[in-house]
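K.L.:
Here's the letter readout for the chains.
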Amino acid sequence: MNQQKEFLHLIIAKLKFPLILLITVYTISIIGLVLIPTYDNNGNVYYLDFFEAFFIVIYTSTTVGFGETPYAWTEYQKFWMAICTIMTVTSWLISIGRIITIMQDPLIKLETKTYFFKRKIKNLKEPFYIVAGFGRTGQLLSKNLVEHGLNVVIIEENKMLIESVNYIDYKVNIPFMYGDISDLSLLKISGVLNPYCQGLILTTSDEEANLKAALNARILNQNLNIISRAHHLEVKNNLISFNTNLVVSPYSLFGKYIKNKLIKNKFINIKDVLTKEILINENPLEKLPKTNWIICGFDKFGKILYRNIKNEVKNINILYETENKLNILSNHNHINLEGVNQEDLIQANIVNSNVLVLTSKDDHKNLSTIYTAKKINPNIFIISILNNEENYILFKKLNVNFIIQPNHLLVREIFPMISEPLLFKFLKQIEKTETEEKLSYIYDLLKNIKQNHVWSLHINEEKSLVVTNHLDKDKKITIQDLMVANYKKNSFPVPLMIYKGDDYIALPNYSTVVDYDDIILFTGNIDDKNKMEWVINDEIFFERNIEYSNKLCLIDYLKII
Amino acid sequence: MSNKVFFAFFIILATTLNFGFFIGDIDNINHHNQFELFFAIIVNIIALTLKLGTRTQIDSIQLATSGVSCLQLIVASIIWFFASQSGNIDLYLPSIVSLSGGAFLANLFSVILLIIDAIIYKR
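Residue numbers (our numbering), protein chains in the order written: chain W, 1 to 561; chain C, 1001 to 1123.
Misleading hints may appear alongside valid ones.
Unchecked claim - Quick partial rundown of chain C residues pointing at chain W, CB under 7 angstroms, derived from the structure:
#1 1008
#2 1045
#3 1046
#4 1049
#5 1052
What the hints assert, rightly or not - Taking lysine-lysine pairs in the PhoX-like style, the calculated list, with each CA pair at most 20 angstroms apart, reads:
#6 C/1004 <-> W/447
#7 W/261 <-> W/188
#8 W/236 <-> W/256
#9 W/529 <-> W/447
#10 W/476 <-> W/463
#11 C/1004 <-> W/290
Hints in this document: simulated from the structure, not taken from any laboratory.
Even for Gly, the Cβ is constructed at its ideal location relative to N, Cα and C.
Given only the sequences and the hints, what does the whole structure look like? Please build it.
P.N.:
Rendered as structure tokens:
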């Protein structure tokens, strides 16, 4: 309320001068006209009354000019009217000039923007997330969130970048504001204290700002879901120390990703399959040789990748131009060259190498290395970082085997946590507890589904009234009663996990009994999801489905396994 | 400081002009000058403009008093206009004067508030 008044006050304070100027000029003009004697049609002396004078001044000042009323003007009146017209027109020009200046005032502009931004958030009576940073990660994340049906509020420091929100067609109205998210007042304006605010996602590359913003938001709102990007371990630990829900770093994600691919971690495959719809430009990475690697560049990406794979890979050559000897293990080499031209690559033994990893932040440096490397050794397996999405087509043309976009890794890490928190929980839990065999079993099961869509079903009166009504009649319901199998396409949803209060069962049997307040996480085609929603919302179909499911679903299920 | 002088000047001038018009026999046209009413209206409007943009409680009451006085005086002037058009100003004069009396009361409140504001400010 105060902010709003402040904003109005600012404008009114600046408008006082033109208003008083206008009032004064009008008064002088009217008084002049009233005092000047004139003659009526009969030649008698006549004084204009206040209304007539007021009327004359009003129409002359707006340059309408209705003529000489009520009687023909005398020379004195004409003289006075000339002065009045000059005065009133000038004062109008001054006033309009003032108003335009006020509208151009950067402070007022900012206040206006803030005012409308606040109003938009106030009227947004649906759950929303605040995304700080509209870089590539922020853009991709916002796009995915909006497509998933969530509302986002965007904060970005760069004025040009934030204006681009206007030119992206999101199909929904997205409130956005420029400013530094670590600024407490901006954080409050963007709705951290709003009961509909679900979480704060900090995707800016400025760690300091992320840390400050995360801490401020945590103190202001204990229930907020805070996700932050961080690069350094100290910052990461600090963020976790005040209950930041998720801390992600593109560098360590990249390193871990390659490592998991290398040791054929089944978990990462499952994650890939379940979060496939978020990733674009993804091609499978099946067999990676474990010997003779070349890593180009030893900046953050290279360094963390090396740390992750140094024990897995035999003989890594690192191409990095630096004076100091790098701190690397004895069975790996550091070659003090940039690695863009032919001689450098030959010196790194490219002829006998199996894998080339490019970690430079400059796409064209990577491209030039790839081109040269392909010329010397056409069979080499190339993994490259793609910094700018526009260059994807160039990498594709050069037949780069595996292209990684760090932004996509970030988004894939963050998105499931927001869109389907249970999926996130599921991934965390199977990563911790399940055995290799079980993981590969899950993977085999999921591989058969063409498009993995993940959704959850809550057994309560609000979300699934028909099911609870059924339970009220003391009837037993199993998971397969809820599902509809498509026999023609041989597709059916797979229950990933069933949550019973704090307990959970991963990969529950189809005959697992469902009870009140259970949450079941499914994966399958979008078609399967729609059918399930259809069945659990209709009494007749639901009962019919129960009759059929006992006979049919199990058979189908057994066929696949 | 000059801003404050300007502000107080217009509030007090609005009150005094209003009083000047109001004083006299309620039905005697010679006691009520139309120029005085005109200036009272103008000065009241200026005072209203100066009070726009309220920040504190007292400011908003100030604005309200000016609003009341402007309203009453403008209504009085409109009555004057119609009365002079129909030619029987004497018939309507009492209501014009009594309206200006109401406006004067509002202006008086405004002056009191001005004094209170000054006293609070001193401390």
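K.L.:
Look at each hint and say if it fits the structure.
P.N.:
Hints and how they fare:
The interface hint given for residue 1008 of chain C is violated, since its Cβ lies 15 angstroms from the closest Cβ of chain W, which is over the 7 angstroms cut-off. At a threshold of 7 angstroms, the smallest CB-CB gap from residue 1045 of chain C to chain W is about 6 angstroms, leaving the interface hint in force. The closest approach between the C-beta of residue 1046 of chain C and any C-beta of chain W is roughly 6 angstroms, which is under the 7 angstroms cut-off, so the hint is satisfied. Given hint, residue 1049 of chain C at the interface with chain W, holds; its Cβ is 5 angstroms from that chain's nearest Cβ, closer than 7 angstroms.
The interface hint given for residue 1052 of chain C is met, as the beta carbon of that residue sits about 5 angstroms from the closest beta carbon of chain W, less than 7 angstroms. Restraint check: the Cα-Cα separation between residue 1004 of chain C and residue 447 of chain W comes to about 79 angstroms, which exceeds 20 angstroms; the hinted pair is violated. Our distance criterion of 20 angstroms between C-alpha atoms is broken by residue 261 of chain W and residue 188 of chain W, whose separation comes to about 42 angstroms. Between residue 236 of chain W and residue 256 of chain W, the direct Cα distance comes to roughly 16 angstroms. Compliance with the 20 angstroms bound is thereby established for this hinted pair.
Restraint check for residue 529 of chain W and residue 447 of chain W: the C-alpha separation of about 18 angstroms stays at or below 20 angstroms, so the hint holds. For a cut-off of 20 angstroms, the pair hint linking residue 476 of chain W to residue 463 of chain W stands: about 19 angstroms separates their Cα positions. The straight-line distance between the Cα atoms of residue 1004 of chain C and residue 290 of chain W is roughly 83 angstroms, outside the 20 angstroms bound, and the hint therefore fails.
Hint check: violations occur at hints 1, 6, 7 and 11; the rest are consistent with the structure.
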